[in-house]
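There are 2 protein chains.
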Amino acid sequence: MAEEFKVTPWEVTGDIDYDLLQKKFGTTPIDDALIGRLAKYGEIHPMIRRGIFYSHRDFDRILDEYDKGNRFTLYTGRGPSGNTHLGHMMPWIFNKWVQDTFKVPMLFQMTDDEKFLFKDLTLHDTTSMAYENALDFIALGFDPDNTKIILDSKNIDRLYPIALKVAKKINFSTAKAVFGFENTSNIGQIFFTSIEAAPAFLPTEMAGKQVPVLIPCGIDQDPHFRACRDVAPGLNYPKPCTLYCKMAPGLNGSDKMSSSDENATIYTTDTPKAVKKKVGRAFTGGKVSVEEQRRDGGNPEVCAVFKYNFFMFEKDDAKLNELADRCRSGEILCGECKMCLTEKINRFLEDHQAKREEAKEIIGSMAFDGFKW
Amino acid sequence: MAEEFKVTPWEVTGDIDYDLLQKKFGTTPIDDALIGRLAKYGEIHPMIRRGIFYSHRDFDRILDEYDKGNRFTLYTGRGPSGNTHLGHMMPWIFNKWVQDTFKVPMLFQMTDDEKFLFKDLTLHDTTSMAYENALDFIALGFDPDNTKIILDSKNIDRLYPIALKVAKKINFSTAKAVFGFENTSNIGQIFFTSIEAAPAFLPTEMAGKQVPVLIPCGIDQDPHFRACRDVAPGLNYPKPCTLYCKMAPGLNGSDKMSSSDENATIYTTDTPKAVKKKVGRAFTGGKVSVEEQRRDGGNPEVCAVFKYNFFMFEKDDAKLNELADRCRSGEILCGECKMCLTEKINRFLEDHQAKREEAKEIIGSMAFDGFKW
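Sequences listed follow chains A and B, in order.
Positions in the first sequence are counted from 1; adding 37 to them yields the numbering used here.
Positions in the second sequence are counted from 1; adding 37 to them yields the numbering used here.
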């Protein structure tokens with residue numbers, strides 16, 4: 038029997054059965070036909086090919102509109118509760134590909150209010166973290182002229198009128214059913230989904246005409262956008278469309294990289310030494326002894342090091358397959374494999390950290406409505 | 038047995054037993070000792086003398102602080118769901134007296150968001166009504182240099198960070214118990230009390246030190262400020278203090294003047310002819326025939342016309358008592374009494390409507406943080 042798992046926007050526990058989750062949420066698989074259709078816009082991103090972005094709501098409708106000449110707006114976000122780690126970066130890297138491929142505007146929402154309401158943090162904490170997280174986002178190279186960062190506490194004047202309309206359409210029963218709220222949930226948590234819905238409708242409000250929105254993000258966020266899609270027609274807004282990815286795994290073998298285990302989590306500001314140490318301790322599919330592994334081979338399916346190559350660090354499918362084969366045959370041992378991944382991550386982070394410094398120069402110009410951090 | 042009554046910030050029904058309500062809410066009577074203490078600041082307002090403002094929370098604490106030289110800030114508000122009527126004006130007139138007597142700043146909150154969430158109105162409707170209602174408020178002569186009007190939808194950037202702190206401290210159970218929310222209540226309604234709490238803490242946030250706030254308003258608003266007071270210590274804010282009045286009666290004899298019966302409601306923009314017609318139809322304590330009334334007298338206790346004199350239009354206690362005596366003795370008949378009240382109201386409205394026009398010139402300067410209507 039499969040282990041129990043739980044996926045909400047605020048809690049991910051257990052071994053996630055992504056097919057079952059998709060059925061539970063009622064989202065649509067990204068199938069071969071859709072992938073085939075995507076090919077006409079450019080090279081398909083590995084995260085699509087590999088089924089990391091694996092599920093959606095009405096992505097085909099976005100493409101239909103795009104083919105008719107109607108540009109969509111990209112929208113994704115981050116709940117700033119701590120330093121950025123590679124698990125957070127993964128869907129952003131995909132978002133960057135979508136922006137480059139379709140040449141569309143991007144809204145990036147930092148929910149400092151949400152994290153204040155759900156965590157033992159001050160609003161000052163979450164706003165500061167939002168700044169740090171935004172640097173990582175910007176460092177990925179989003180078009181600065183076509184990307185705006187929304188900070189909830191600073192842009193609330195623009196979000197609130199939309200959030201009110203959304204809130205008026207969602208009653209406590211629905212919120213409880215969708216998010217699992219209880220009597221002990223605070224009244225800000227209960228209201229919050231209205232604020233996460235607002236950027237999905239902001240482009241329509243700003244343009245004064247229907248602008249479809251595409252939201253590529255973790256599938257844990259689906260409850261928000263399910264509620265958001267339900268209310269859209271009654272408000273004369275287009276239903277937001279979504280693309281959902283699986284959670285980036287932890288180095289400890291868990292299904293989701295999480296700041297609750299810092300040793301299993303690589304932050305964007307980690308030093309090469311820290312990365313080496315963390316990868317060195319990673320959970321692998323190796324055997325108890327070198328002899329045994331040379332003889333029987335390792336198991337890449339369960340290996341966090343392999344997963345990191347799969348999710349982010351080996352874009353070449355042939356090389357990835359070769360790595361798996363060499364592991365299974367006992368040709369490559371965990372030490373060597375860890376060293377390779379460490380090098381790849383450190384090369385990525387060296388470049389990223391430089392761009393992150395440069396991001397400090399342009400972050401001001403990317404603030405939505407010109408808010409001050 | 039007393040008729041069932043219900044008093045919430047959103048619904049007032051039945052014959053209100055104000056003593057019982059005070060007990061239910063747990064507020065403190067304004068007793069002779071407190072009235073005596075008030076005398077030292079100036080002439081006591083008739084609404085205090087007559088027990089219209091009859092209950093409070095920690096008003097004595099406000100006076101203690103005032104006597105030590107610590108100035109408080111006044112805060113009251115309006116839910117803009119329609120034209121201003123005399124029932125709305127009544128507590129504002131009292132607020133004006135408090136400002137004049139203690140020379141303190143005033144924050145006036147217009148909850149256009151609340152009325153959008155609770156009524157079948159658009160936000161555009163409620164924002165427009167807020168403007169019209171604010172003109173009436175300003176026309177009463179509040180010190181323009183010491184009075185600021187908060188419009189929730191426009192000042193949300195200042196209210197939201199405080200509202201978030203409040204919301205984090207109130208769970209659904211509490212909100213349900215205090216306000217009577219149900220599963221069908223929308224999630225904006227559930228959150229709203231945080232927004233009404235915010236101006237109570239705004240002076241402290243702005244001054245960077247504890248500034249006590251006094252809120253004179255209808256006792257129907259107590260659930261908000263009870264919740265607000267409960268969370269204050271945990272947020273290191275001073276508990277807001279309150280002064281509560283009874284509801285202004287309707288001309289139809291009901292306990293609360295309400296726009297649901299337009300003929301029993303005098304609006305600030307009514308013509309002299311409309312006032313005459315409405316007062317002419319008022320519910321009185323008169324008898325069925327002139328003969329009977331001359332013989333047995335009328336009953337001022339149940340008479341809406343008398344109540345209007347009592348609440349707002351006869352400030353002289355001696356004259357008010359004389360009017361009651363002349364009614365009871367059959368000396369004055371309802372027709373004459375209605376004519377007198379009509380004249381008083383029309384004199385008041387003529388002056389008010391002129392000042393209301395002048396208010397259009399200064400309303401812009403009184404917008405909190407310089408928002409544009």
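Source of the hints: derived by calculation from the structure; they are not laboratory data.
One or more hints might be untrue.
Here are the simulated DSS-like pairs of lysine-lysine, each with C-alpha atoms no more than 30 Å apart in a straight line [as the list claims (entries may be wrong)]:
{"hint": "1", "chain 1": "B", "residue 1": "206", "chain 2": "A", "residue 2": "206"}
{"hint": "2", "chain 1": "A", "residue 1": "213", "chain 2": "B", "residue 2": "205"}
{"hint": "3", "chain 1": "A", "residue 1": "246", "chain 2": "B", "residue 2": "156"}
{"hint": "4", "chain 1": "B", "residue 1": "205", "chain 2": "A", "residue 2": "43"}
{"hint": "5", "chain 1": "A", "residue 1": "205", "chain 2": "B", "residue 2": "381"}
{"hint": "6", "chain 1": "A", "residue 1": "43", "chain 2": "B", "residue 2": "206"}
Please read all numbers here as calculations on a predicted model, not as lab measurements.
Now for the hints, and whether the structure bears them out:
1. 206(B) x 206(A): holds (24 Å)
2. 213(A) x 205(B): Cα-Cα ~17 Å, so holds.
3. 246(A) x 156(B): Measuring from Cα to Cα gives roughly 27 Å; hence the hint holds.
4. 205(B) x 43(A): Measuring from Cα to Cα gives roughly 24 Å; hence the hint holds.
5. 205(A) x 381(B): Outside the cut-off at roughly 42 Å; violated.
6. 43(A) x 206(B): Distance ~26 Å between residue 43(A) and residue 206(B) Cα, so the pair holds.
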